[in-house]
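Participant: The listed protein sequences derive, respectively, from chains G and B. For the record, in the first sequence the residue sitting at position 75 is 75 according to our numbering, with numbers rising by one throughout. For the record, in the second sequence the residue sitting at position 179 is 1179 according to our numbering, with numbers rising by one throughout.
For the record, the hints were derived by calculation from the structure and aren't laboratory data. As the structure is a prediction and not an experimental result, all values here were calculated from the model. Take these hints with a grain of salt, some might be off.
[Stated by the list, open to error] Restricting the straight-line Cα-Cα distance to at most 30 Å, the calculated cross-link-like pairs of lysine-lysine (DSS-like) are:
1) B/LYS1267 x G/LYS71
2) G/LYS211 x G/LYS184
3) G/LYS110 x B/LYS1185
[Claimed, not checked] Only part of the chain B face toward chain G is listed, based on derived beta-carbon distances under 7 Å:
4) GLY1182
5) ALA1183
6) LYS1186
7) GLN1187
8) LEU1194
9) PRO1195
[Said to hold, decoys possible] Per the computed footprint, the stretches of chain G lying under chain B, defined by three or more beta-carbons under 8 Å from a beta-carbon of chain B, are:
10) 70 to 77
11) 82 to 88
12) 98 to 105
Think of the CB as a built atom: it goes at the ideal place given N, C-alpha and C, for glycine as much as any other residue.
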Amino acid sequence: MEKVVEVVDVSMNYHTLEGETQAIRKLNLYITNGEFVSIVGPSGCGKSTLLSLISGIIMPTSGKILVNGKKVDGPSPSVGYMLQKDHLFEWRTIIKNITIGLEIQGKLNKENQEFVEKLLNEYGLYEFRNYYPKQLSGGMRQRVALIRTLATKPDILLLDEPFSALDYQTKIAISEEVWLILKKEKKTAILVTHDLAEAISMSDRIIVLTKRPAEIKSIHQIKLTCDYKTPITCREAPEFRVYFNTIWRELDVHV
Amino acid sequence: MSMYDNMEKDYVSEGYKKYLISHKRFKSAIRVSRIVILILIFVLWEFAANNEWIDPFIMSQPSKILYTLTSMAKDGSLFIHTGVTVYETLVGFVIGTLLGSLIAIALWWSDFLASVLDPYLVVLNALPKTALGPIILVWIGGTTKSIIVMALLFSIVVTIINVFTAFRNCDEDKIKLLKTFGATKKQILQKVVLPSGVTTIISTLKINVGLSLVGVIVGEFLVSKAGLGYLIIYGGQVFKMDLVMTSVLILAIVAAVLYLSVLWIEKKVLKMM
């Protein structure tokens, strides 16, 4: 399989007046085309830092990151980022929120506008396109945030705990939906999450990181026996519990 | 606003009807009381002056204020002086708000500049601007210009501080979101920092319009040949208390109208957003 993201010997240090913090140490990993990979690890271990590095909004202290074989030296249109909250702009309508990425990249042409309308139609948001965000429910808002990310046609999606602000039921439903959309659009995805069940049910592979400075603790190829694989049906697979227990033990949580 | 309103619109229960009626009664009781207080003050004032409980020469009285008002309206001086004050206030207010917001943008743009200027802003904000009046008068001269500068001085520092704080409180994650799309600093300013600061800018307008009026009156006290501040000072000097009271009354109305106009603009703008 073709490697679309490669992280090579990456270290990341943060500097403050109180001192230097090493967030990531000599990290190596890769993600192949079309793969859904989750990254789990203890709180504050540098998971989100890793996503910021891949997206190119911050630069590593040492090492390099390749996206589609090219060294990352700034935000690139081939990488889309979905944050914890939907961060819809209350003063923009849904359609204007969705096209903000295109607007910034100067690509708000007819072809892309048609593409956005197609996405809106396909994912049941077309009739809400002139609504304002506050008129939508939490789950719908998150769906809008996903479409906003897809509008700029990235190949790789970085998902930074995108469901953590939602209530439990909505979270399950939306993660199912997002998963189906990403599979349908044939996107590569990297999900950072605290929710092990979510990670196991959605991923092809799970990378477990150590506590700070983050290194790789283990990598699990997830193989679940279920006929029609979606996150919700996966939760019923007999192996689900085994993965859960193994990874839980590796996270070594003490409270 | 929500599309999930679950109460049916047409159905109103007895309890809810009672609640609405009692709410309405409460509201109208407030309104009536306000008017009654105003009328009482004027009636009592007039009565006290007529019976010489108070000296009408020093305290003036409503009938004389009314007489002054009508004679000023007849010779047009009422409109000239009010117009001058309103004009100066509005010019100072608009320039103060625009210039203040521009400076706030500059401070947002450059962390270095913001840090360097921070103590100056703090001191300027604490300094009673009235003290600068004589300096302005000497530098610019006894013209309308120095009154407008006074109005500007009163409102600009507060504007800079409030708007800059609003810009700085802009959600970091919203900025991060735009950065992931590759946004430049200018785009971040345009697309998220300015629009999310609009509510704050508008609420500073309400403060500014009042401060500008203070600046104008102080300015008119010092330099002018026209305006309500001039009438008050002049009336005081020649002991025409009717003129002073009338001017203060007009000033109160001007202040209220300006404030309500800004409130109206605020409502319109917020509705648009």
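Participant: Indicate, hint by hint, whether the structure satisfies it.
Facilitator: Results of checking the hints against the structure:
1. B/LYS1267 x G/LYS71: violated (50 Å)
2. G/LYS211 x G/LYS184: violated (34 Å)
3. G/LYS110 x B/LYS1185: Given pair G/LYS110, B/LYS1185 holds - Cα atoms ~26 Å apart, limit 30 Å.
4. GLY1182: holds (4 Å)
5. ALA1183: Holds. Min distance 5 Å.
6. LYS1186: Result: violated, 11 Å to nearest chain G Cβ.
7. GLN1187: holds (5 Å)
8. LEU1194: Since the shortest Cβ distance to chain G is 10 Å, the answer is violated.
9. PRO1195: With Cβ-Cβ at 5 Å, under 7 Å, it holds.
10. 70 to 77: Result for this restraint: holds, n = 4.
11. 82 to 88: holds (count 4)
12. 98 to 105: Per the Cβ count (5), the hint holds.
Violated hints, listed in ascending order, are 1, 2, 6 and 8; each of the other numbered hints is respected by the structure.
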